[in-house]
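Whenever a hint applies, use it, and build me the whole structure from the sequences.
Protein chains: 2
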Amino acid sequence: METLMLEKLLESLKVNKDTQIYNYTVPDLWNCFDYDIAKFTKTQTNELMVNPYDFFASVINDFILSKKKGGVSYNHSLSKSTNKRIPKKNYRGGDWIKQSIVYSTMIRTSSAWDNDRSGLLDKENIYKMPETGSFVRMLAMLPLLKKMGVTVIYMLPISKFSLKDKKGDLGSPYGVSNFNELDPNLKDYLTKDLMTLEEEFKAFVEACHILDMRVMIDIIPRTNAVENDLIKNHPDWFYWIKASEYDKYKVPYVEGIGDTTLPTLEYMEKVYKSEDVYRHINMFQYNPKKQDKVLWNKIKNKKNLSEEIQKKFDLRIAPAFSDHINDSQPPWTDVTFFRMYEDFPKETKEFLDTTDRPPFILFDTIKSNMYHGEKPNIKLWEKLVDIVPSYQRRFGIDGARIDMGHALPSKLLEMIISKARENDEDFCFIAEELQVSNAQFAFDAGYNMIIGNGFTMEPRVFEGKLQRFIMNSNTLPLPLFACGETHDTPRLASREGNEVLSKMLTVLNMFMPNGVPFINSGQEIFERQPMNIGLDSRENEEFSLPENDPYYGKLALFDKYQFHYTNNRRWEIPDMLDTLKRIRKKWLKELTNNKSFEPIHSDGNSQTFIGLAYYKKTKTNKNNVLLILANGNPYHEVYLKPNIELLRSLSYNGEESGKLLFSTHEGPRAFTQIINHNTLDIHLGAGEVKIISL
Amino acid sequence: METLMLEKLLESLKVNKDTQIYNYTVPDLWNCFDYDIAKFTKTQTNELMVNPYDFFASVINDFILSKKKGGVSYNHSLSKSTNKRIPKKNYRGGDWIKQSIVYSTMIRTSSAWDNDRSGLLDKENIYKMPETGSFVRMLAMLPLLKKMGVTVIYMLPISKFSLKDKKGDLGSPYGVSNFNELDPNLKDYLTKDLMTLEEEFKAFVEACHILDMRVMIDIIPRTNAVENDLIKNHPDWFYWIKASEYDKYKVPYVEGIGDTTLPTLEYMEKVYKSEDVYRHINMFQYNPKKQDKVLWNKIKNKKNLSEEIQKKFDLRIAPAFSDHINDSQPPWTDVTFFRMYEDFPKETKEFLDTTDRPPFILFDTIKSNMYHGEKPNIKLWEKLVDIVPSYQRRFGIDGARIDMGHALPSKLLEMIISKARENDEDFCFIAEELQVSNAQFAFDAGYNMIIGNGFTMEPRVFEGKLQRFIMNSNTLPLPLFACGETHDTPRLASREGNEVLSKMLTVLNMFMPNGVPFINSGQEIFERQPMNIGLDSRENEEFSLPENDPYYGKLALFDKYQFHYTNNRRWEIPDMLDTLKRIRKKWLKELTNNKSFEPIHSDGNSQTFIGLAYYKKTKTNKNNVLLILANGNPYHEVYLKPNIELLRSLSYNGEESGKLLFSTHEGPRAFTQIINHNTLDIHLGAGEVKIISL
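As you go down the protein sequences, you meet chains S and U in turn.
For reference, each letter of the first sequence is one residue, going 1 to 694 in the working numbering.
For reference, each letter of the second sequence is one residue, going 1 to 694 in the working numbering.
Read the hints as simulated data drawn from the structure, not as lab findings.
Any given hint might turn out to be false.
Identical copies carry no separate label here, and so any pair may be met within one copy or between two of them.
Said to hold, decoys possible - Using 27 Å as the maximum straight-line C-alpha spacing, the simulated DSSO-like pairs for lysine-lysine come out as follows:
(1) Lys346 to Lys42
(2) Lys123 to Lys42
(3) Lys585 to Lys619
(4) Lys232 to Lys166
(5) Lys270 to Lys300
(6) Lys270 to Lys248
(7) Lys411 to Lys128
(8) Lys69 to Lys270
(9) Lys128 to Lys39
(10) Lys167 to Lys8
(11) Lys273 to Lys367
(12) Lys379 to Lys298
(13) Lys128 to Lys14
(14) Lys17 to Lys128
(15) Lys128 to Lys42
(16) Lys619 to Lys595
(17) Lys289 to Lys659
Here's what the structure looks like:
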């Protein structure tokens, strides 16, 4: 059997270990693997002083490789590596996601740490080491994630991105400039030149697989950085405007149509009658190669190609913008759209004055799922279809989220999904679909789940939205994320209810019917600063930290950022999840089966109470009911008398006492608060969740 | 000219510097010498990451040696090194202390720092270096002290002390076991074996002298550690009891005499009639050598001599106790008294039942200034007399404080003082005399100043004691310390008024008539934890820090301790003193001359207002008055209209406006608040001090 890349990584760390004495710290949270107590000193700041080579070698050797099983290759997807038998009935390849707990991470941030305690996240610290994240550093987070019951590591984009006019200190990983190359900043320092970045990622995926965790990536086939590696050979894949008119470029405004309107066909005639739309589409130019092939061939191999094009052709790639009419967002200056078709959309062509004009970006050419040309840009499609297979071949990933998949030609989306499943029939796809009304489309397209709108619903406890979200998502044809925050939204810990809200939702989400528990990196330690202010942000959301915090005003998506891993409450959620994962495991079949679920209603029609019950058939009809009762109100306690008559009859459970398995507010104990056979007598503290078995 | 020891130290640091990368921090306060900005990183915690060899080398080379003057040897006292001309009139040798600003330091604490940030003050940190203080480390404090205007470094004991039954982590430096050896823990690590500890101290004294600062030590001729290096050759210099009765040893209680009574002769008859006194003195035994010379000679060279004596003779040295009758303090188990006379006190001998008994410790044998034998222990006296000369010869110190000098035979004290002044006619002596009523005795004995009771008076603003202390000390025959705290007392920053009180007194003390400004190490950064709880302590004084502070409950006098040098207000007092030292320098002659002083009274007889004026004769009668006006109340502002008519007539100053040179509450500005020629119109904020020149 071939050597694992992880073993090569371990060897590299051993080889590179030198005689330097390292005063190098990591958060104590990173040691959930019983690192030899003689090898570190714990500081007052909840950090451990370690030798980095030895520390990372130990997590690989002692925590990960020790769990390696014989005869498993680990370098394909987990299902392929373990020759998983795919269920024949009621199972779509990738449906393992339904039983998963997903941890969303941005590698460069989640595993960043000011190891030399200079106060800054250094590009080169006192030991000349970078302190931002890497796949190797992320290995030290795996024991913590394992403790929390995480089974899927979902990564924000890890591809090479453009640094042109970059936002923040580092630039956004969503401005992909080459989807097949990895972001070179993720290369680890400790391995020096003994490992390539690709090998390190491969080792990371192997490590996850050994720990029974799957790895998913985020792919972005609809947009691309305005400055990217494809221009050189494919200038015709992009939209162009005059460089000298760049400053005048703005999103066209269509009179007579409301704000942020989906560009359905009914509006398009009006769109094409708008003066401002013609002002806009008149800005577009033919691509430089088409304009002057001889000149193009002269410059196409130059180093600063964009600059050359600007100088010689007065051309620039046109920025992307929102796919909704009259959306107030300005153009997204760092990214552009791929030109999906070589011709104009057949649905709207008739509205256009003349087809003898350069291709342009407009709502219809953006929304390629709704508007299609007759000549697909086949070469581009093939390229986009191959993104996932390329990551499958090289790294053995298990799934992917498709960014803006809803704006891809449905044919192309179908190709992307089917091609990936040809390679790995158990490959999972998550739709970047926030609207639950589109769940059926996503299901039909072949996705395993959608993201959904948990992040806007769950925190709005007092509007009854948490209750509605948890209780009603059950009816959707696809599961969605059981989550209260994502990398684009405000943090739960900075919402109304703060840590209480955060804890309550993190517990509740482990048991949401038709929900896939989702933990946004940092959520587990009550991080308050959002990673991005893209969705549902409030005024000054980016200033959620105290002013004297070194990361005040910084956003992980653009800036060097480290989470507040050493705060005093850092162990609360991980310790809680350590308990909950055992309860979840025992009840996993029922938790992921609609038919085993029964809602529990409070006596007073409370909008803030959430009651969930799962039941199973057992011979004795004992210990066959699991109750999850939550008080969504983070400020006030509540006394309730929920009726369980229906549950009694469905489950045949007749127990008069049970066990309080878990509470956010107290320890486990016997549960005897049953007034009469069919009525519970429940006290829930502010934001309390109680889990009871009968 | 011979090479300075400081130059050898610099060379040692250069030689020992290695290629290790040091993640080693020092408080930013230690860089008051413009350390090369390219060589350090400032952390968020107000520390600098430096290479220790380079950092200490830089302070020596760039800040200290650069100020070295040609033709000065620096290794004698400053007066001798610079051939200072001693004034003939109104000057006692050592009277330079009257113009000084004294900084009291315990080297092992003041220069301690958790350099590797392990959270603990390590005996061996990650680089195997100790983190407690040393003379070499203390060099980095000198630029800060210089900034604050300090001219005298006064050190708590630096001699070798006993570790037997030590208090705290480290033991007390007051339990001296060998007064001529230095505490070996003060040896620096960076110099390795290229320097001896004595050489390092010598280099430190030279450094102070180059910076025009004098060095004073604390000598302890009255007591000694119960376990010490003198026993071997001089068992007869000590008092002995039966080891097997050690647990019964307690201070005798004399019925019919009040608590804590000075043992004047009138009481001694009663003392010697007390049953409990006889219980006590009956415990004493002859010294082991006298008991069995043959056996003594057999064991005297053994390694654990005390243990041997205990085993073979059943003897132990008797602990010391308070020199007051019926003082509730238990015996001081770590120290004992020297036996000053070979016979019993002639004043009390008649009260004793028989002189045919072993020597014992009692109030009269303790108070050797009041009770004298006829046979002085000459060999011992010679030894004690030579302590100071030995430090003069070896290190060139400038002065000394004598601990419990008031309990020495006056003859012996006279010998100590005169012998030191034979070597250095400008040598200064400070009496450990807290009672101002004894100032005349101290003056007569040859001291230059007493400590006084500032620390109990100054913080008691509302009882009017601050006012009385500042205004009345003027009449004493000797100056005393202008201070609000010492190493034995609570910290100003933890008293009522806290930082406001601390700031106000630190300013005021720079201008107190007949006061010598005294800064207790840590005071300059608002340290709250006392170094010892010996004097004026309140309940739980030793718990002045927050419970989660790593030094909670620790006392610098016994434990590993580092000051909170990195707190956010750390620069306030040093910056203030940097300004004040210039004003003080300009007015130093008047400040130290009683005849130039005139008190300023408030209109309302306020107990909390302090008004000081100094004036001089000038040709123009302008700019010849300095006013220091302080509101001692740290909570409330005050409006006052002090009358300056008398000052006008004494100074001939007729100015109608002046300058506000300094205020604790505002910046400098013109001063025009004069209602009519003779009345000021003053607003003072809570705890404000204003300094005005007219």
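Quick rundown of the hints versus the structure:
Taking identical chains as interchangeable, the C-alpha atoms of Lys346 and Lys42 are never at most 27 Å apart, the minima being 67 Å within one chain and 63 Å between chains. Taking the closest pair of Cα atoms, Lys123 and Lys42 come within 27 Å of each other both inside a single copy (25 Å) and across two copies (16 Å). Taking the shortest alpha-carbon separations for Lys585 and Lys619, only the intra-copy value of 20 Å comes in at or below 27 Å, while the best inter-copy value is 96 Å. In this assembly of identical chains, Lys232 and Lys166 lie within 27 Å of each other by CA distance solely inside one copy; the values are 21 Å within and 78 Å between copies.
Taking CA atoms no more than 27 Å apart as the test, Lys270 paired with Lys300 passes in neither setting, with 40 Å inside one copy and 113 Å between copies. Within a single copy, Lys270 and Lys248 get their C-alpha atoms as close as 23 Å, which meets the 27 Å cut-off; across copies the closest is 107 Å, which misses it. In this homomeric assembly, Lys411 and Lys128 never come within 27 Å of each other (Cα to Cα): the closest approach is 49 Å inside a single copy and 67 Å across copies. Taking identical chains as interchangeable, the C-alpha atoms of Lys69 and Lys270 are never at most 27 Å apart, the minima being 63 Å within one chain and 90 Å between chains.
In this homomeric assembly, Lys128 and Lys39 come within 27 Å of each other (Cα to Cα) both inside a single copy, at 22 Å, and across copies, at 15 Å. Neither within a single protomer nor between protomers do Lys167 and Lys8 lie at most 27 Å apart by alpha-carbon distance, with minima of 36 Å and 54 Å respectively. Proximity of Lys273 and Lys367 under a CA criterion of 27 Å is satisfied intra-copy only: 19 Å inside one chain copy versus 111 Å between copies. When the C-alpha separation of Lys379 and Lys298 is checked against a cutoff of 27 Å, the pair qualifies only within one copy, where the shortest distance is 23 Å, while the shortest distance between copies is 103 Å.
Taking the shortest alpha-carbon separations for Lys128 and Lys14, both the intra-copy value of 19 Å and the inter-copy value of 24 Å come in at or below 27 Å. Taking identical chains as interchangeable, the C-alpha atoms of Lys17 and Lys128 lie at most 27 Å apart whether they share a chain (15 Å) or sit on different chains (20 Å). For a Cα distance limit of 27 Å, the shortest separation of Lys128 from Lys42 qualifies both inside one copy, at 23 Å, and across copies, at 17 Å. Proximity of Lys619 and Lys595 under a CA criterion of 27 Å is satisfied intra-copy only: 18 Å inside one chain copy versus 105 Å between copies.
Neither within a single protomer nor between protomers do Lys289 and Lys659 lie at most 27 Å apart by alpha-carbon distance, with minima of 73 Å and 78 Å respectively.
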